[in-house]
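There are 2 protein chains.
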Amino acid sequence: MSPKAPIRKPAKDVEGRLVGLAEHVIECARTNKEPAFHIPVRALSNVEFSKSRRIIELKKAKTERQLLSLSTAKKFMQTMLVGDALSVLQREGLSRSLREIYYRTKHTIEGSNENTFDGQEESDPIIEDLEVTLEALREELHVRAEAAGSLVGPMTIVDDGDTIDCARLGKGGYSVPSIVEPHDVHIKKCTADFVLLIEKGTQWNALNEDKFWKRFNCVLLTGNGQPPRGVRRFARRMHDEYKLPVYVLVDNDPWGYYIYSVIKQGSINLAFESMRMAIPDAKFIGLSSRDPQSHGLPRNVGIKLNDKDIARARELKGYPWFQKKEWQLEIDFMLKSGLKYELDSLANKDFRYLTTDYLPKKLKDKDWLD
Amino acid sequence: MSPKAPIRKPAKDVEGRLVGLAEHVIECARTNKEPAFHIPVRALSNVEFSKSRRIIELKKAKTERQLLSLSTAKKFMQTMLVGDALSVLQREGLSRSLREIYYRTKHTIEGSNENTFDGQEESDPIIEDLEVTLEALREELHVRAEAAGSLVGPMTIVDDGDTIDCARLGKGGYSVPSIVEPHDVHIKKCTADFVLLIEKGTQWNALNEDKFWKRFNCVLLTGNGQPPRGVRRFARRMHDEYKLPVYVLVDNDPWGYYIYSVIKQGSINLAFESMRMAIPDAKFIGLSSRDPQSHGLPRNVGIKLNDKDIARARELKGYPWFQKKEWQLEIDFMLKSGLKYELDSLANKDFRYLTTDYLPKKLKDKDWLD
Chain A
1 MSPKAPIRKP AKDVEGRLVG LAEHVIECAR TNKEPAFHIP VRALSNVEFS KSRRIIELKK
61 AKTERQLLSL STAKKFMQTM LVGDALSVLQ REGLSRSLRE IYYRTKHTIE GSNENTFDGQ
121 EESDPIIEDL EVTLEALREE LHVRAEAAGS LVGPMTIVDD GDTIDCARLG KGGYSVPSIV
181 EPHDVHIKKC TADFVLLIEK GTQWNALNED KFWKRFNCVL LTGNGQPPRG VRRFARRMHD
241 EYKLPVYVLV DNDPWGYYIY SVIKQGSINL AFESMRMAIP DAKFIGLSSR DPQSHGLPRN
301 VGIKLNDKDI ARARELKGYP WFQKKEWQLE IDFMLKSGLK YELDSLANKD FRYLTTDYLP
361 KKLKDKDWLD
Chain B
1 MSPKAPIRKP AKDVEGRLVG LAEHVIECAR TNKEPAFHIP VRALSNVEFS KSRRIIELKK
61 AKTERQLLSL STAKKFMQTM LVGDALSVLQ REGLSRSLRE IYYRTKHTIE GSNENTFDGQ
121 EESDPIIEDL EVTLEALREE LHVRAEAAGS LVGPMTIVDD GDTIDCARLG KGGYSVPSIV
181 EPHDVHIKKC TADFVLLIEK GTQWNALNED KFWKRFNCVL LTGNGQPPRG VRRFARRMHD
241 EYKLPVYVLV DNDPWGYYIY SVIKQGSINL AFESMRMAIP DAKFIGLSSR DPQSHGLPRN
301 VGIKLNDKDI ARARELKGYP WFQKKEWQLE IDFMLKSGLK YELDSLANKD FRYLTTDYLP
361 KKLKDKDWLD
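So the protein sequences, as listed, match chains A and B. Numbering-wise, the numbering used here puts 36 at position 36 of the first sequence, and it's gapless, one number per residue. Numbering-wise, the numbering used here puts 180 at position 180 of the second sequence, and it's gapless, one number per residue.
Among these hints, one or two may not hold up.
With a straight-line cut-off of 27 Å between C-alpha atoms, the simulated DSS-like cross-links for lysine-lysine are [to be verified]:
1. B:K74 - A:K188
2. A:K74 - B:K304
3. A:K75 - B:K74
4. B:K211 - A:K211
5. A:K349 - B:K62
6. B:K74 - A:K304
Since the hints were derived computationally from the structure, they do not count as laboratory data.
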């Protein structure tokens, strides 16, 4: 399969947009207008599930942030400070974490006891505001999260000038960075047939050790829990650029369903990112709530659903993207059984059961949910 | 620097020791003796800080585990089950997680409603018992933890037959596996001058992006928080085999001091591992409680010590391995200032301050604590 040309706005565009925001405020001041700008609303009320695109999207509502208003003046100032720090990252070609940006922009305002920011919980939303206002992904703003993913498979990438053969990285694998835009990580070659995105690092370890990816010619990817942005974005890029199907393997519990749904259509909180992160064609390969029975797992390796699990499962049943009949049955089956199962519980059959039985059968039978 | 020959018992020895335990029990039964074996006591009472070796060690006390005793019969049975599962891992050359071993050994005892194990909190201590009884590290028993570390630097390793140049892995780096015994990961070549072991992944990212390791010819290693066993063991191996000094960079808070102390002399809970994991020559390169002042960090980027911090700092002051005058002053200074500081707060000076100012000055002045 041949790669699609990556679509990406060059870095200077983002800097231009940041500077543009400042210039707009200066222009207001110069022409005696009240300095103000508009920011898209990031709230459940302004989010919708697009049936045609099959992702969660931001709608069009905007709010005004004014300098000369008691309720928005502080946020106005904070937006300017964060914008300034982000433009430094662009100019110097650096990337830094949310926490470092918080510390960089924190100071006591001269002649007062007021801090510009009292905690990171004040600066994080400002960065999200700027993402949606400037239509720039967090990664394009050079803001990092923790890197928490590993990858192996038949794939060659170029990262920071280094050519890395991901089929030759032993049991460790490639540590997936937080920022994997095409400008940062180029996928030079990929001969895999599919991507297996695994919730837990322990299963990734087992599958890598058993060389599952060699036998089934796939890329093994994990984010050690809820996959971080870098892992999601990388899976999306393999899907886009090399047309690889993405199969998601999670625990059989409401949180596993949720992880799958975020990979597939994005999250409510960060709806703006869906268009660059979500993979509407991703498939749920397991654990399904019917698997324990069909694979002869004893009930005593299941874990009783607690009240939170039950409430969460019912909530998921109501989401527009879980309305397919198969999904309603899947969730109902869990609720009826009263049990959830971890991937690790397959070890009850045999230490290699996941590698030699469970996954081969699933793939052969195309036994997944969409 | 040339490597020391790695000291390691071959894998069949570990299998032999596991089988030996079973044979001992069979022999007891055959000769009409009560089946029992001795297990070293893993408790504070049986731990001491060795001043000469400068590590926390297990003392000699042992406890007897009998089959025909109401208080130890269940644990006796559990020890046999876990020993059996561990011998499968040896025979098949597999490694698996604590959780998978729990699931593998769980079943309902025939003709009863009793489970062999009710939770992982019952199987984990049994694995630790077997570690100390058989004098085999958890890694030698093929038991994995999550992999949670990243590494870059001038170093070539062989992992599972793949030769990996850790100086050519871009911004991502090598994902450090949980098991890095010489048999699993061979350090083929290392031309670094020292190891910098960094608490937080975000700082590791920044230092890697700024190519700090190229300018200062070092290995950058992080465990994303409290370093997991694989990261500690790998640092120890670089220290042993290539005589590299290890500098530890942590937040300036009691938890940072504690992370440093575990890297340096091991932990009370797992004293048995110290001899293979601890690095008594490791140095604390910062953040020191004097750094904020000497580097002109404003007090408002400090965080007020809470009651737990203060109690923990006082507790650390009492530990035998913190009795040096410099350490007492270091901890007192934090308590007096009433503030703790995160590494990230150095960004308040400048986004590159850690790379261009803080660390170069520390290294030049040899400004560390021992």
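Cross-check of the supplied hints:
{"no.": "1", "hint": "B:K74 - A:K188", "in the structure": "56 Å, violated"}
{"no.": "2", "hint": "A:K74 - B:K304", "in the structure": "24 Å, holds"}
{"no.": "3", "hint": "A:K75 - B:K74", "in the structure": "62 Å, violated"}
{"no.": "4", "hint": "B:K211 - A:K211", "in the structure": "33 Å, violated"}
{"no.": "5", "hint": "A:K349 - B:K62", "in the structure": "35 Å, violated"}
{"no.": "6", "hint": "B:K74 - A:K304", "in the structure": "24 Å, holds"}
The structure fails to meet hints 1, 3, 4, 5 from the earlier list, while all remaining hints are met.
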